[in-house]
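Full structure from sequences and hints, please.
Order-wise, the sequence lines are chains A and B. Mapping of the first sequence onto our numbering: position 222 corresponds to residue 222, and the numbering continues sequentially without gaps. Mapping of the second sequence onto our numbering: position 63 corresponds to residue 63, and the numbering continues sequentially without gaps.
It should be emphasised that the hints constitute simulated quantities derived from the structure, not laboratory data.
With a straight-line cut-off of 27 Å between C-alpha atoms, the simulated DSSO-like cross-links for lysine-lysine are:
{"no.": "1", "chain 1": "A", "residue 1": "K194", "chain 2": "A", "residue 2": "K225"}
{"no.": "2", "chain 1": "A", "residue 1": "K150", "chain 2": "B", "residue 2": "K257"}
{"no.": "3", "chain 1": "A", "residue 1": "K41", "chain 2": "A", "residue 2": "K55"}
{"no.": "4", "chain 1": "B", "residue 1": "K256", "chain 2": "A", "residue 2": "K8"}
{"no.": "5", "chain 1": "B", "residue 1": "K123", "chain 2": "B", "residue 2": "K210"}
{"no.": "6", "chain 1": "B", "residue 1": "K101", "chain 2": "B", "residue 2": "K134"}
{"no.": "7", "chain 1": "A", "residue 1": "K8", "chain 2": "B", "residue 2": "K257"}
{"no.": "8", "chain 1": "A", "residue 1": "K90", "chain 2": "A", "residue 2": "K194"}
{"no.": "9", "chain 1": "A", "residue 1": "K150", "chain 2": "A", "residue 2": "K225"}
{"no.": "10", "chain 1": "A", "residue 1": "K90", "chain 2": "B", "residue 2": "K257"}
{"no.": "11", "chain 1": "B", "residue 1": "K134", "chain 2": "B", "residue 2": "K117"}
{"no.": "12", "chain 1": "A", "residue 1": "K225", "chain 2": "A", "residue 2": "K137"}
{"no.": "13", "chain 1": "A", "residue 1": "K90", "chain 2": "B", "residue 2": "K256"}
{"no.": "14", "chain 1": "A", "residue 1": "K137", "chain 2": "A", "residue 2": "K107"}
{"no.": "15", "chain 1": "B", "residue 1": "K257", "chain 2": "B", "residue 2": "K219"}
Keep in mind it's a predicted model, so treat the numbers as computed, not measured.
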Amino acid sequence: MESGHIVKSFDDELNQLHGIIAEMGGLCEQQLALAIDALVKRDRLQAERVIRSDKQIDRLEEEVDNLAISILALRQPMAEDLRSVIAGLKTASNLERIGDYAKNIAKRSEALTQSEQLGNATGTIQRMGNLVQGMIKNVLDAYLEGDGDKAEDVRARDEEVDLLHTSLFRELLTYMMESPGTITPCTHLLFIAKNIERMGDHATNIAEYVHFRVHGHPPGEARQKGDGSSTMVVEPMGN
Amino acid sequence: MVNPMKDMTTEEHPAPLLHAVAQGVPIKISARGVCVSYGDKQALFDIDLDIPERKVTALIGPSGCGKSTFIRCLNRMNDVIENCHVSGVIDMDGVNILDKKVDAVGLRARVGMVFQKPNPFPKSIYENVAYGPKIHGLASNKKDMDAIVGKSLSRAGLWDEVKDRLHSPGTGLSGGQQQRLCIARAIAVRPQVILMDEPCSALDPIATAKIEELIDELKEKFTIVMVTHSMQQAARVSQATAYFHLGQLVEKGDTKKVFTSPDDERTQAYITGRIG
Chain A
1 MESGHIVKSF
11 DDELNQLHGI
21 IAEMGGLCEQ
31 QLALAIDALV
41 KRDRLQAERV
51 IRSDKQIDRL
61 EEEVDNLAIS
71 ILALRQPMAE
81 DLRSVIAGLK
91 TASNLERIGD
101 YAKNIAKRSE
111 ALTQSEQLGN
121 ATGTIQRMGN
131 LVQGMIKNVL
141 DAYLEGDGDK
151 AEDVRARDEE
161 VDLLHTSLFR
171 ELLTYMMESP
181 GTITPCTHLL
191 FIAKNIERMG
201 DHATNIAEYV
211 HFRVHGHPPG
221 EARQKGDGSS
231 TMVVEPMGN
Chain B
1 MVNPMKDMTT
11 EEHPAPLLHA
21 VAQGVPIKIS
31 ARGVCVSYGD
41 KQALFDIDLD
51 IPERKVTALI
61 GPSGCGKSTF
71 IRCLNRMNDV
81 IENCHVSGVI
91 DMDGVNILDK
101 KVDAVGLRAR
111 VGMVFQKPNP
121 FPKSIYENVA
131 YGPKIHGLAS
141 NKKDMDAIVG
151 KSLSRAGLWD
161 EVKDRLHSPG
171 TGLSGGQQQR
181 LCIARAIAVR
191 PQVILMDEPC
201 SALDPIATAK
211 IEELIDELKE
221 KFTIVMVTHS
231 MQQAARVSQA
241 TAYFHLGQLV
251 EKGDTKKVFT
261 SPDDERTQAY
271 ITGRIG
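In structure tokens form, the structure reads like this:
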């Protein structure tokens with residue numbers, strides 16, 4: 001991005017920090033893809049692998065914390081360097097949360113292995129998952145390249161995830177009203193969808209840190225939000 | 001020279017030049033178009049800078065950038081350098097202090113200075129502090145003088161350490177104490193502005209911390225301008241920061257802003273330790 005520090009080991013440490021975050025981001029993408037795949041294929045073993053792998057993300061977050069604290073204490077970074085370390089810390093904690101959500105999806109997909117597929121719900125979840133996976137990938141690219149525009153683009157895409165979530169919420173409520181036997185799988189699916197929606201929110205948080213890192217201030221404009229599920233009421237049929 | 005201010009606001013002098021007030025903070029000193037050259041070599045180019053009243057303003061920049069040259073303009077220390085030519089306007093309380101009609105000695109009573117290396121006079125601690133008030137006629141008797149010396153040493157955070165040996169030589173103090181003695185000497189003549197040219201560069205971290213704490217307290221009463229090579233120090237003690245580079249003022253602003261997201265790439269390169 002710019003010329004290096006006079007003290008080269010400072011550059012090495014910053015690169016190391018970004019390297020760990022890149023690795024965390026890669027793992028998060030993979031965990032999300034595998035968790036949804038386990039859900040679609042009703043694959044219990046794969047779900048278990050996802051649950052186990054989450055520890056690796058947690059370990060990496062710890063590494064980021066330790067390195068960032070040591071950089072703050074020993075290098076006393078200023079300006080872009082300071083923003084870079086702070087953005088790194090916050091990004092890692094958001095990635096860690098994304099990892100947790102993937103793990104939770106895997107757990108719920110284990111619980112769903114016994115149940116039938118419900119309409120197009122899994123398909124919608126897959127679409128949401130693909131979208132969010134793309135957001136995580138692009139926001140990480142934006143982070144590593146210090147590209148504010150790319151980050152802005154990720155922020156804009158969260159609305160689409162929110163809209164899908166809202167429509168899925170409506171669909172699942174309808175199934176539950178039609179047949180109380182679907183309440184267990186539908187509830188799990190609702191939480192899975194909510195998890196993916198939250199992952200999208202974390203990706204947009206990271207996009208905001210990239211903006212802060214590049215421009216020196218948080219993005220000003222409030223982004224469009226499309227999630228209407230929190231206020232939705234579906235009237236029982238026949239009323 | 002009972003009231004140096006009075007001499008400077010006679011009718012011969014022009015009306016107030018600038019009453020720039022940035023973000024509601026009153027401006028103590030306003031420099032406009034200040035150029036300085038040493039013989040053929042120009043050291044400062046067209047500097048415009050407002051120094052907020054009763055705040056600490058840090059001047060930072062690489063060696064030879066002109067920050068010390070600039071601070072020396074503020075009490076006309078450059079007058080004594082042969083071949084040094086200063087132009088432009090430095091407005092302080094409505095008077096252009098660069099005007100030759102302004103008495104430099106009176107100006108220096110209002111604009112005190114503390115240097116990089118502590119330089120107490122080879123006299124007692126008491127006499128070091130009393131010297132300025134004596135020549136400026138600020139005390140009419142011994143009692144007044146004792147009060148000025150006591151107050152100045154207290155303000156400089158040195159009183160408790162030296163009250164039992166006021167008549168021992170100032171040079172017998174530790175480096176940090178000597179620097180605080182120099183600050184006491186500077187504030188004894190009741191200046192409005194204190195200039196500090198790298199006041200801590202010869203001190204250990206503890207003595208540095210004491211001076212920084214002192215600067216923080218002094219800003220309640222005085223306008224402080226300091227040159228420092230330590231970015232951390234500038235960040236710790238100042239409220240406004242100006243970055244000089246090759247004789248130009250590249251960036252000025254709120255210290256928090258300059259150190260978290262400077263506008264100019266040269267500032268960024270300097271404060272993050274990159275090759276500019």
